[in-house]
Amino acid sequence: IDLRDPDAVSIRRLYEMLEGQVAVLSAGYLSWEASVALLDSLRKSALYREDQSSYLLYPNRDLARFADKNRIPEKLIKDAGLAEGNSVLGNRNIFVKDAAGNWHFNRNLRNARLLKEALAEIKHHTPEMSDREIERTLEIYEAVFDHQSFTGRSGTFYKYEGLGSIYWHMVSKLLLAVQDTFYRALDAQADPAMLEALKAHYYEIRAGIGIHKSPALYGAFTTDAYSHTPENSGAQQPGMTGQVKEDILSRFGEFGVVVRGSKIQFHPALLKPAEFLSKPQVFEYYDVHNARQSLALNPAMLAFTICQVPVVVQLGKENKVLVTLQAGGEIETEGLEIEAALSKSIFNRDGTVAKVEVRIASHAQ
Numbered sequence: 001i002d003l004r005d006p007d008a009v010s011i012r013r014l015y016e017m018l019e020g021q022v023a024v025l026s027a028g029y030l031s032w033e034a035s036v037a038l039l040d041s042l043r044k045s046a047l048y049r050e051d052q053s054s055y056l057l058y059p060n061r062d063l064a065r066f067a068d069k070n071r072i073p074e075k076l077i078k079d080a081g082l083a084e085g086n087s088v089l090g091n092r093n094i095f096v097k098d099a100a101g102n103w104h105f106n107r108n109l110r111n112a113r114l115l116k117e118a119l120a121e122i123k124h125h126t127p128e129m130s131d132r133e134i135e136r137t138l139e140i141y142e143a144v145f146d147h148q149s150f151t152g153r154s155g156t157f158y159k160y161e162g163l164g165s166i167y168w169h170m171v172s173k174l175l176l177a178v179q180d181t182f183y184r185a186l187d188a189q190a191d192p193a194m195l196e197a198l199k200a201h202y203y204e205i206r207a208g209i210g211i212h213k214s215p216a217l218y219g220a221f222t223t224d225a226y227s228h229t230p231e232n233s234g235a236q237q238p239g240m241t242g243q244v245k246e247d248i249l250s251r252f253g254e255f256g257v258v259v260r261g262s263k264i265q266f267h268p269a270l271l272k273p274a275e276f277l278s279k280p281q282v283f284e285y286y287d288v289h290n291a292r293q294s295l296a297l298n299p300a301m302l303a304f305t306i307c308q309v310p311v312v313v314q315l316g317k318e319n320k321v322l323v324t325l326q327a328g329g330e331i332e333t334e335g336l337e338i339e340a341a342l343s344k345s346i347f348n349r350d351g352t353v354a355k356v357e358v359r360i361a362s363h364a365q
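1 is the number of the first residue of the sequence shown in the numbering used here; add one for each residue after it.
Don't read these hints as lab results, they were simulated from the structure. Be careful, since some hints might not be right.
With beta-carbon atoms standing in for the labels, derived distance ranges [claimed, not checked]: (1) 260 with 37: 22 to 32 Å; (2) 120 with 20: 37 to 47 Å; (3) 331 with 1: 50 to 60 Å; (4) 24 with 327: 23 to 33 Å.
Quick list of in silico lysine-lysine cross-link-like pairs, DSBU-like style, CA-CA up to 30 Å [what the hints assert, rightly or not]: (5) 213 with 199; (6) 78 with 44; (7) 272 with 245; (8) 97 with 69; (9) 97 with 116.
Glycine included, each C-beta is placed from N, C-alpha and C at the ideal position.
Model the full structure from these sequences, guided by the hints.
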């Protein structure tokens, strides 16, 4: 953004940024068609790293070599109408020519403010220096260093969230943003083709995250959270937990768990048939008293916990939720939601609810 013109604001596009795509998806500003088009384009963009099936923060690029920095192209000087020997170009406090004949700004001019101060000092002692020369010199300075395009340290180094690196927390933010977009589209009864496209993109992004990869490809234990994956190695810097938060939220979303009007609801539109067990298994968990418990599960079931309360999901003929109380007795509700009072008990971990069974009509999946 350029604010130098008092009568206008000039905007110049920068390169793609993954957080920008995440932000516009999360904002809910785009139509479903535009959201799908964005995700289609993202997959074909310079942000996509095919070897990891995932996305960079910024497109990779080559940085200028040290010897090429602060080198002023001769054309800029000529186009500005500065002649060697005049009050600006001939002043070594502003411009310096090296032994090879290349022009540079004085090394002490670390920013435009210092340059303006130096030019003001010269003008004070050299009244014949024109305002045009000062203006052109400042324009050359910005053209050489292009400070307005600086997007942070990530564009100037490697590893971490730097050049060529996948920053996993942002990828998980993208995953969650696509999931949120999917559920907004579902609520709006969007075209089934749009829902399927969003669902496909969701699982494509998910497949690129570590837990779904082999250790050889990920470069580390896939069950551990890592900060980033540089261009030249496997995952680096373990123990960064920002990504874990998004992945937990996304996982609940895959199970169809949403909270609306203080009620826990189940919308299993993202749930895959492969999530259900193919053989009997024991589900172990810790209850609200931190006591270890277990449940026997049959094929075509799956289980997880919400606030340490076990939730068992199975396919059935109709949508139904069955809440088992710790004191004995059951509360059955038609549809796929838990009433607000019981939902509050689950959130408070007060021990009122012992178990939740969710039965999903096969057509609702």
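(request) Output the numbers, in ascending order, of every earlier hint that fails for this structure. (result) 4 and 6
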